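Chain by chain, the residues run as shown.
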Amino acid sequence: MSLQPIQDPGLPSHVNRKADADPKAAKRAEQQVAILFLTSALGTVLFIFSYVGVPQDQLIFLPILGTTNAHQLFLGLGLAISLFFIGMGAVHWAKTLMPDHEVVDVRKEQRSKDEDRAAFVATIKEQGATAGLGRRTLIKRTLGLSLGLAGLSPLLLLRDCSAELPGEELAQTNWRAGTRLLTDPGDRPIKPGDLEVGAVAQVLPLLPAGRKRTLNDIAKDALLLIRIRPEEFNLDAERLSWTYQGIIAFSKICSHMGCAVALYEQSTKHLLCPCHQSTFDVTRAAKVIFGPAARPLPQLPISVDSEGYLVAASPFNEAVGPSYWERDSE
Amino acid sequence: MKARERAAGAVANYVDERTGAAKWMKKTLTKVFPDHWSFMLGEIVLYSFIILLLSGTFLTFWFDPSMREVEYEGSYEALEGVHMSAAYASTLHISFDVRGGLLMRQIHHWAALIFLAAMVAHLLRVFFTGAFRKPREMNWIIGVGLLTLGIVEGFLGYSLPDDLLSGTGIRIAEAIMQAIPVVGSYLSYFVFGGAFPGELFIPRIYTAHVLLIPGIFLALITAHLMLVWYQKHTQYPGPGRTEKNVVGYPLLPVYMAKAGGFFFIVFGFTAFLGAVAQINPIWVYGPYTPAQIGAGSQPDWYMGWLDGLVRMSPPIETHALGYTISWNILIPGLIIPGILFTLMALYPFIESWITGDKREHHLLDRPRNNPNRTAIGAMALTFVLVTLINGGNDLLAVHFDLSINQIMWFSRIGVFVLPPIAFVVTKRICLALQRADREMVLHGKESGRLVMLPHGEFIEVHEPLSPQKAYQLTSHEQLPALSAPETDERGVALPKGIRQKLRARWSRAASEQIAKPTVEELKEIEHH
Ligand code: HEM
Ligand code: FES
Numbered sequence: 239m240s241l242q243p244i245q246d247p248g249l250p251s252h253v254n255r256k257a258d259a260d261p262k263a264a265k266r267a268e269q270q271v272a273i274l275f276l277t278s279a280l281g282t283v284l285f286i287f288s289y290v291g292v293p294q295d296q297l298i299f300l301p302i303l304g305t306t307n308a309h310q311l312f313l314g315l316g317l318a319i320s321l322f323f324i325g326m327g328a329v330h331w332a333k334t335l336m337p338d339h340e341v342v343d344v345r346k347e348q349r350s351k352d353e354d355r356a357a358f359v360a361t362i363k364e365q366g367a368t369a370g371l372g373r374r375t376l377i378k379r380t381l382g383l384s385l386g387l388a389g390l391s392p393l394l395l396l397r398d399c400s401a402e403l404p405g406e407e408l409a410q411t412n413w414r415a416g417t418r419l420l421t422d423p424g425d426r427p428i429k430p431g432d433l434e435v436g437a438v439a440q441v442l443p444l445l446p447a448g449r450k451r452t453l454n455d456i457a458k459d460a461l462l463l464i465r466i467r468p469e470e471f472n473l474d475a476e477r478l479s480w481t482y483q484g485i486i487a488f489s490k491i492c493s494h495m496g497c498a499v500a501l502y503e504q505s506t507k508h509l510l511c512p513c514h515q516s517t518f519d520v521t522r523a524a525k526v527i528f529g530p531a532a533r534p535l536p537q538l539p540i541s542v543d544s545e546g547y548l549v550a551a552s553p554f555n556e557a558v559g560p561s562y563w564e565r566d567s568e
Numbered sequence: 115m116k117a118r119e120r121a122a123g124a125v126a127n128y129v130d131e132r133t134g135a136a137k138w139m140k141k142t143l144t145k146v147f148p149d150h151w152s153f154m155l156g157e158i159v160l161y162s163f164i165i166l167l168l169s170g171t172f173l174t175f176w177f178d179p180s181m182r183e184v185e186y187e188g189s190y191e192a193l194e195g196v197h198m199s200a201a202y203a204s205t206l207h208i209s210f211d212v213r214g215g216l217l218m219r220q221i222h223h224w225a226a227l228i229f230l231a232a233m234v235a236h237l238l239r240v241f242f243t244g245a246f247r248k249p250r251e252m253n254w255i256i257g258v259g260l261l262t263l264g265i266v267e268g269f270l271g272y273s274l275p276d277d278l279l280s281g282t283g284i285r286i287a288e289a290i291m292q293a294i295p296v297v298g299s300y301l302s303y304f305v306f307g308g309a310f311p312g313e314l315f316i317p318r319i320y321t322a323h324v325l326l327i328p329g330i331f332l333a334l335i336t337a338h339l340m341l342v343w344y345q346k347h348t349q350y351p352g353p354g355r356t357e358k359n360v361v362g363y364p365l366l367p368v369y370m371a372k373a374g375g376f377f378f379i380v381f382g383f384t385a386f387l388g389a390v391a392q393i394n395p396i397w398v399y400g401p402y403t404p405a406q407i408g409a410g411s412q413p414d415w416y417m418g419w420l421d422g423l424v425r426m427s428p429p430i431e432t433h434a435l436g437y438t439i440s441w442n443i444l445i446p447g448l449i450i451p452g453i454l455f456t457l458m459a460l461y462p463f464i465e466s467w468i469t470g471d472k473r474e475h476h477l478l479d480r481p482r483n484n485p486n487r488t489a490i491g492a493m494a495l496t497f498v499l500v501t502l503i504n505g506g507n508d509l510l511a512v513h514f515d516l517s518i519n520q521i522m523w524f525s526r527i528g529v530f531v532l533p534p535i536a537f538v539v540t541k542r543i544c545l546a547l548q549r550a551d552r553e554m555v556l557h558g559k560e561s562g563r564l565v566m567l568p569h570g571e572f573i574e575v576h577e578p579l580s581p582q583k584a585y586q587l588t589s590h591e592q593l594p595a596l597s598a599p600e601t602d603e604r605g606v607a608l609p610k611g612i613r614q615k616l617r618a619r620w621s622r623a624a625s626e627q628i629a630k631p632t633v634e635e636l637k638e639i640e641h642h
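Read top to bottom, the protein sequences are chains H and P.
If you're matching positions, the first sequence starts at 239 in our numbering and goes up one per residue.
If you're matching positions, the second sequence starts at 115 in our numbering and goes up one per residue.
Since the hints were derived computationally from the structure, they do not count as laboratory data.
Among the hints, a few may not be true.
As the list claims (entries may be wrong) - Okay, the calculated bits of chain H under chain P, using three or more residues with CB under 8 Å as the criterion: (1) 358-369; (2) 422-431; (3) 484-494; (4) 505-515.
All values derive from a computational prediction rather than experimental measurement.
The C-beta atom is built at its ideal place from N, Cα and C for all residues, glycine as well.
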């Protein structure tokens, strides 16, 4: 503990405010407070007027704000004024008219007195002894057991939070060999000719008749079709055979954390995920060239059916979307 | 006696005869509260919580927490006939068909942002002034808990409307869950009631958002305030203020009027923001579908640092024996935040272990008088700032014409390099300020007045400090470094473990100070 080289001069003495000494100043302060409270009352009037008098779809033009909904704006301003000026009035009142003498209170250490602490320990020991917890080990152990087991029941009850457990489902989509590609939106089958070089389209699988498409389906099935000139591909033979006349199909669900990979840059042939900017090179089977994604977007083999419509040549050969523990990524 | 006074007296009498409350109330109403602008930060947190309760309750009257598919037919024409969840449709209904509904939504959202911002500012005040020291460590830990819950609560809140932006956030949260080794996919299935997105998570997070977490908030806030009450507020050092007293204004009437008034000011200000500043226009984003995304998707600011960490993570996954571990998600999404929050919660104990200081403290530190702590705080802030910048890298890239690549590499390197630099610089600044204080006490403050000496030289007149000011600049204590005990009580040499060495080193760093003027030095000055 280092010493204080200068003695504590003690609390500075109280300085009178204007209103403390001068009754006229005090009167003025009182009026100011009243004006603040009255302003608040006007705010409530504006609020009520906007609620009943301004139609909900009324637009007005204001500088800075632009075109705004008048109903919501004046309702809000009325509320703001009514609340804000109550506060201003109260604070102004406290500052100008209420006593501003600082008060000193003593503080004592949090710690109890030694004898209280000793008495406390003694009480615990005595009362504990009367219950015989220390001696009766059988009771202690069985109580521990039953409490521990009882704690399991709420956990067990949570089991039905999900009817299904994750299994193969995580790795499956609705794409099968021969599944037609449908435009989204539009739900029309597409022929290769519908897609010009440089174009990109989002597609979904044709589902078996009677099956309604849910968000769960879309979360795994969404597919991007991109068409470039075939000679621009830089793929091995197998991957090249998965394309069709320069059309290549990737899962649209980011391999990082599952956002929709929505941005395609035609000039560089890069796909970009807006969530964390993982960037995939279309010409090299969606290899990751930037960002936190660790795997390429899964590629779906495509071809055409007898009527010339684009179809999946086979299912995805890996799980789409973000990684998970059981995912076989090799 | 006037009739009103008589009635009040009767009520007071009735209550006291049944509870004996008069004694307690008398003490309570004259309880002393120190006054300082920085003590209002905690109040803002409390008031915005109340605003959240009020505006949130209003929203529950119309919000339909259901993922049932409906066809929209409200007054927002652009989405007419679009299929969407009932949650999204009801949020549109609140925005366009309930009078004051949009205002309340915007007030609720702004209050959430202010709530979290004020909480962070409050935490920084407590940190930099050392208010977390004994006996207030428990309240620090409660505070860390509140901050964590606040982030979760806010995230769940903006996920409720089930718009395209919020659904994207939920998708990312789901991916973090899935990435947890061994149990991840099970955890996700239990939360979502099956595969993502399912039809259950909106009702589930709704219960958490309006009941479970606010309930925990209420309990924790109550405990937090009871401790403040019971331990009495800290105060800044100054003449007349000691470790043994508390100087301020009594609860009744001054403090009550100021605090009560301030509640209305905060509420009024939030309402003003809700009136003029649009926030979260969910009708622009459209309903959630996993196959779409809005460009420039950004979470609320208090999630931005997490997002920034995730964005800067290198693309590392381990694939072995048919299993996958996503380090690129686990490290930024769980491990680093876990370490940060744990260190933050433990900081009071770490500091007291290093300094060996186990005494109670009720006088606050000026940040400069504890250079090491202040530098640690600056280091942590810099870290968070870099991650926040990276969280907005797409927006920054557009605004400042940079490439995302540049910002990413700046952040990847900066996140390691800048915090230590901030530490060193801040420590130097603190020491320089201490030196300036010392100079001022010894030689007075510069008055700005020049006088010409007889031989023509100009000097500036230094005015002596007032005794109050001089006391304020010299009353703090400067702890010496711990001398690590080399022998135990019986004089047996102790093995010097790595822990002891580390502690001795940190303790030396923590005690680096510019010595304040001594009594002798001050005497000497007086003689001149
Ligand atoms: C204490 C912390 C709280 C935080 C940080 C918070 C945050 C949020 C946020 C950011 C939203 C999104 C609003 C939007 O822009 O649409 C929201 C929505 C909502 N909150 Fe809260 N909230 C809190 C407490 C509460 C409470 C106590 C209730 C109810 C008693 C509540 C009820 C709701 C409801 C019904 C919605 C959805 C309706 C809508 O979005 O329009 N909130 N919350
Ligand atoms: S989800 Fe696509 S980059 Fe993260």
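Structure-based check of all given hints:
no.	hint	in the structure
1	358-369	violated (count 0)
2	422-431	violated (count 1)
3	484-494	holds (count 3)
4	505-515	holds (count 4)
Violation of the numbered hints given earlier is confined to hints 1 and 2; the remaining hints are satisfied by the structure.
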